[in-house]
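A.B. asks: One letter stands for each residue in the lines below.
Number of protein chains: 2
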Amino acid sequence: MIGVFDSGVGGLTVLRALVAELPAEQFVYLGDTARLPYGTKSAETVVRYALQASEALAAFRLKCLVIACNTASAVALPAVRARIASVPVIGVIEPGAEAACAASRSGHIAVIATEGTVRGGAYQQAILRRRHAAQVTAVPAPLFVALAEEGLCEGPIAAAVAHHYLDPLFAAAGRIDTLVLGCTHFPMLAGAIRGVVGARIGIVDSAQTTARHVRQALEQAGIAATGGEGGVRLLATDAPQRFARVGARFLARPIAPDEVTLIDL
Amino acid sequence: MIGVFDSGVGGLTVLRALVAELPAEQFVYLGDTARLPYGTKSAETVVRYALQASEALAAFRLKCLVIACNTASAVALPAVRARIASVPVIGVIEPGAEAACAASRSGHIAVIATEGTVRGGAYQQAILRRRHAAQVTAVPAPLFVALAEEGLCEGPIAAAVAHHYLDPLFAAAGRIDTLVLGCTHFPMLAGAIRGVVGARIGIVDSAQTTARHVRQALEQAGIAATGGEGGVRLLATDAPQRFARVGARFLARPIAPDEVTLIDL
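These protein sequences, in sequence, are chains U and D. Position one of the first sequence corresponds to residue 1 (the numbering used here), numbered consecutively onward. Position one of the second sequence corresponds to residue 1001 (the numbering used here), numbered consecutively onward.
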């Protein structure tokens, strides 16, 4: 079983990429919908929530734990690794940073994320560790979260919000050639974002890069499932009906309300 | 001391109206920023959070407790009244419903609110109790919360979002003459909302109506402060710096970060 943890439904974009990459695996996904969003909360609070969620998932005899939430990956990865020491714990920041460094020619990389992720500087540091001369500009884009949750992923509002965040970013630093979508909600708005930045800019979606990273880690450890049918189990800490309704867009398939089990942390 | 409770900073619009109405009173305001927003969460979870917050405020020897959060007022008022039985507990729904009934000529009243407030039907019921023949149309407008938190209260994005929610509402029911802003965040967007609905529609802001209601309740009970200087104490369950920064817009005065005390519930 592979555990996947997120503050809510956004991480279902990561789960979707994981299922596509590893179709024979069993997944258990936990969305902490009672306490979302994490992106505006302090590091201490996010660490406490992430540890509780990780312990709940660890009860499923995991072979790997994926922190699909960028904010939790940015601030809580070391704490979760220390607590859940028996299995590999993989966050979304390192794979995203790696993909950005590989994609960028100019070394000028932009990151859009939640307030918490930007403030912590995790993407900036992860990119600079790999590429010392990189220039990283990170800006918070919190309205994208609300738009994705509302299903307003295209149309005039999405376009106006994309211009609001991206026009100043690209006007100020002309040599940016790579944009990292540093929040699991943002791939839902990839069309509106592409419409603003144009075809020349490489867009890095950490969902896909994380899924590849997990597959490689399992293969290297010799513990990837080699056959049989995979499956997905969905857990939420609140409002399973909303989880099913909103989450269906992120997972790109219908979710029946009774597919989502309510748990208490 | 008058306690004021909200899920975050939105209720500061109610605190601001209370301070204007009752300048000689002492207020203690608690924003449950660790667990906001309440508007997308289940009734059970909101009741649990509201009880914890109310108990924390009750430790301040209150003479009155105001639930400034529409979502918490809608689902948790009876539970909080049962728990904090020693002082009057006043929510924002009943004063808002009363003001809407007084303002409407046609009896066709629209309510915009969070998902949780709309789903619970509290405004609809409170209006129909006072005016049996009223026609109430309630729609969720969650993006307004994100816009107010971001400070995007005017300009093209606010206008586009206001059209998105309000055009279908007013197109479908032509005789609406009164619009209730059923979330403490929404008065921040009153200008954008007015720009869409035009001058003919009465806009009911439950912050002001609740403040008048509280003053009347204190006067009738003979416990209103009659002189001296009032004051405000601010508590938050997370991220006091963000509370100060974002809250300043809602309270319409600067808030120093050390003015906000962090508490744990």
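If you are wondering where the hints come from, they were derived from the structure by calculation, not from laboratory data. Quick caveat, the model's predicted, so the values are computed rather than measured. You may find that some hints are simply not true.
[As the list claims (entries may be wrong)] Covered, in the sense of this in silico footprint (three residues per stretch, anywhere, with C-beta under 8 angstroms from a C-beta of chain D), are these stretches of chain U:
hint: 1; segment: 38–47
hint: 2; segment: 52–64
hint: 3; segment: 77–85
hint: 4; segment: 97–104
hint: 5; segment: 216–228
[Said to hold, decoys possible] Each pair of labels, with its calculated beta carbon distance range:
hint: 6; chain 1: D; residue 1: Arg1212; chain 2: U; residue 2: Glu154; range: 53 to 61 angstroms
hint: 7; chain 1: D; residue 1: Arg1194; chain 2: U; residue 2: Ala82; range: 28 to 36 angstroms
hint: 8; chain 1: D; residue 1: Pro1168; chain 2: U; residue 2: Gly195; range: 48 to 56 angstroms
hint: 9; chain 1: U; residue 1: Gly195; chain 2: D; residue 2: Ala1058; range: 23 to 31 angstroms
hint: 10; chain 1: D; residue 1: Ala1252; chain 2: U; residue 2: Pro168; range: 25 to 33 angstroms
hint: 11; chain 1: D; residue 1: Ala1082; chain 2: U; residue 2: Arg48; range: 39 to 47 angstroms
[Said to hold, decoys possible] Here are some chain D residues pointing at chain U (derived, C-beta under 7 angstroms):
hint: 12; residue: Gly1107
hint: 13; residue: Gln1124
hint: 14; residue: Leu1265
Cβ coordinates follow ideal geometry from the N, Cα and C atoms, glycine included.
A.B. asks: Hint compliance check: list the failing hint numbers for this structure, sorted ascending.
C.D. replies: 2, 3, 4, 5, 6, 7, 8, 9, 11, 12, 13 and 14
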